[in-house]
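K.L.:
The chain contents come next:
2 protein chains.
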Amino acid sequence: MGLRNRQWLLARRPAGSLSEQDFEYRETPVAEPDPDAGDVLLRNLWLSFDATQREWVKDQEGYLPPVGLGEVMRASAVAEVVRSANPALPEGSLVQGLFGWQDYVIVRPDDAIPPSPLPAGVSPEMCLAALGGTSLTAYFGLVDIGGLAAGKTVVVSAAGGATGSMAVQIARLRGARVIGIAGGADKCAWVKSLGADDCIDYHAENLPERLAALCPEGIDIAFDNVGGAQLEAMIGQLAHRGRAVLCGQIAGYDAPEAPPGPRNLMTLIYRRARVEGFLMLDYLHRTHEAFAELGPWLGSGELRWHADVQEGFEHIPRTLLRLFRGENRGKQLLRLDPPKGGPA
Amino acid sequence: MGLRNRQWLLARRPAGSLSEQDFEYRETPVAEPDPDAGDVLLRNLWLSFDATQREWVKDQEGYLPPVGLGEVMRASAVAEVVRSANPALPEGSLVQGLFGWQDYVIVRPDDAIPPSPLPAGVSPEMCLAALGGTSLTAYFGLVDIGGLAAGKTVVVSAAGGATGSMAVQIARLRGARVIGIAGGADKCAWVKSLGADDCIDYHAENLPERLAALCPEGIDIAFDNVGGAQLEAMIGQLAHRGRAVLCGQIAGYDAPEAPPGPRNLMTLIYRRARVEGFLMLDYLHRTHEAFAELGPWLGSGELRWHADVQEGFEHIPRTLLRLFRGENRGKQLLRLDPPKGGPA
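If you read the sequences in order, they're chains V and C. Sequential numbering of the first sequence, starting at 1, is according to the working numbering. Sequential numbering of the second sequence, starting at 345, is according to the working numbering.
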């Protein structure tokens, strides 16, 4: 076949903040797929960038094994089936999965996380930005862990991010009152345009004071993507029997060591409140529940999504850095240019 | 009547560690009870000392209003009814309630937390040490918040304390595997004598390493009275869907500022785990459930309790300090000498 595969490998464990030098570029020949083994050759079209990738490169316990040194960086992606010995994945169809920072990948039926076909009429951008892990995370975190219901007061941190912007909208569409937290006036304006009742600019405003003013009856559900001081501020304003839903802790991912934890856990006792973590992976068997509610909202335009689209294979590592610099608005994606010498 | 009332008042808000100088001694005449108002005159016999009292003297939000400066220090106690205009509380009978650091107190039927008669055959010590808030806290924290069941791995911090020693035994009697955490070899030996499978001496041993060694499958229920580093260590070893039950945070009560919170809350996400606070006050309508289970265990001697009994009105403030110096083993009580000039 003679295809060449561009790849970005993990070159070293990041010390402190992630840098482009933590990754190494390589080109290798693409192995010949084995039809007898059910091999399917995919070509990546779109890459998804997720804060959790920062955790995958750490040599520590996680919900997936760490990416090994010298291995292709793990990433969620949408790919086209280029060659297939599997009738369920016909050539030319689009699939989603953990295909990594490379042009080509061979997947097999017995892979732990197999590729899943895109629903009809769903573009790769919509798939990754509005129906992927981001939205499922927001949905099940709010509904299942948070106990989302109409009339509740919901606060969402990193509300301008991919997951946060979905959480804001899902909470609002379910009839909750929603306060966002984001960095910068532009992001806050965008979060309000998504339907948040208000949005606190944590760069410019005193977060605990603003939360107290905006949530005088307390926060019923704090959907937290950040950790650190923002989580502490939300815990401080939890309502009686309030819940802090831990989705992520981006404040700590890219730091040399974890930031101080919340010092106000006595509040959990006085308010009979709860802090609980969850992983979207646990809800893969219930995605139909989310899609049944999200699909009509997407179709009607009530649920909006925004993809921040970068271009070019060479820009892959620096695109990941955008997440930790607060540069992305909505879902960070990168569209891959077709590799030279490959099929169009 | 001419009775004189010895009292210890809150003289100032403690700055940093509690000291005897935070309290002031006073003698005042006892007011004449008003039979028409249903007044009942009580004489305190036994005082209970509880870590939560350290929180009551802070000028901050709590589950009860702060004790005011110049007010009698709030305390749980067992008292004898000296004079009564209430047929439900006959003279000579024993009652439990928040009667404070004083010899005499007048209670009324419309008090927010009314006195409750001691069950027949229950001594004041047993009442305060084994059937009071201590045991109810251990019981409902484990059963209701922790989801206690046979076969679970339970870790209890401050396991040599009043609540902790009850939690260890309740967990064991319910068929759980129990690891205690306590300070010092003597306390650890006592905790093991109560039936703990093991007890970690946090003064002498590396707590995270020992928890990992003793709970290789993870902690299902961490019953935490301490907070700070001990809570962080327990969170670090939580099992998949494990629960940290926050009963108290004694590490922070007597400190000038709250100690750093747990930095490892990402663990809650990876393990789908929960940290939840509760207050025994919410379970007062369900005390019969606890007594139905605790009573037979107490009767059979399977559930043991230990009262650390001090004597003398003048020693009341320093007896409270024992809790924060780790000097008490089991429930800290003080027996009051009869006041001069009063009824025997």
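Read the hints as simulated data drawn from the structure, not as lab findings. Backbone N, C-alpha and C fix where the C-beta goes; we use that ideal spot for every residue, glycine too. Some hints could be false.
Away from chain C, derived, C-beta distances all over 12 Å, residues of chain V [said to hold, decoys possible]: (1) Glu55; (2) Gly62; (3) Glu80; (4) Gly92; (5) Gly184; (6) Lys192; (7) Asp198; (8) Leu207; (9) Pro259; (10) Pro262; (11) Leu279; (12) His288.
Computed, partial: chain V to chain C, Cβ under 10 Å [as the list claims (entries may be wrong)]: (13) Val122; (14) Ala244; (15) Leu246; (16) Cys247.
K.L.:
Next step is simple, just say for each hint if it's right about the structure.
P.N.:
Hint-by-hint comparison with the structure:
1. Glu55: violated, 8 Å
2. Gly62: The claim is violated: Gly62 (chain V) sits with its nearest Cβ about 6 Å from chain C, within 12 Å.
3. Glu80: holds, 33 Å
4. Gly92: holds, 38 Å
5. Gly184: Label holds. Min Cβ-Cβ 25 Å, cutoff 12 Å.
6. Lys192: holds, 28 Å
7. Asp198: At roughly 24 Å from the nearest Cβ of chain C, Asp198 (chain V) sits farther out than 12 Å, so the non-interface label holds.
8. Leu207: Given that every Cβ of chain C is farther than 12 Å from that of Leu207 (chain V), nearest at about 16 Å, it holds.
9. Pro259: violated, 7 Å
10. Pro262: For Pro262 (chain V), whose nearest Cβ neighbour in chain C is about 4 Å away, the distance does not exceed 12 Å, so it is violated.
11. Leu279: violated, 6 Å
12. His288: holds, 21 Å
13. Val122: Interface hint status for Val122 (chain V): violated (28 Å vs cutoff 10 Å).
14. Ala244: Status holds, d = 9 Å.
15. Leu246: OK, holds: Leu246 (chain V) within 10 Å of chain C, min 5 Å.
16. Cys247: holds, 7 Å
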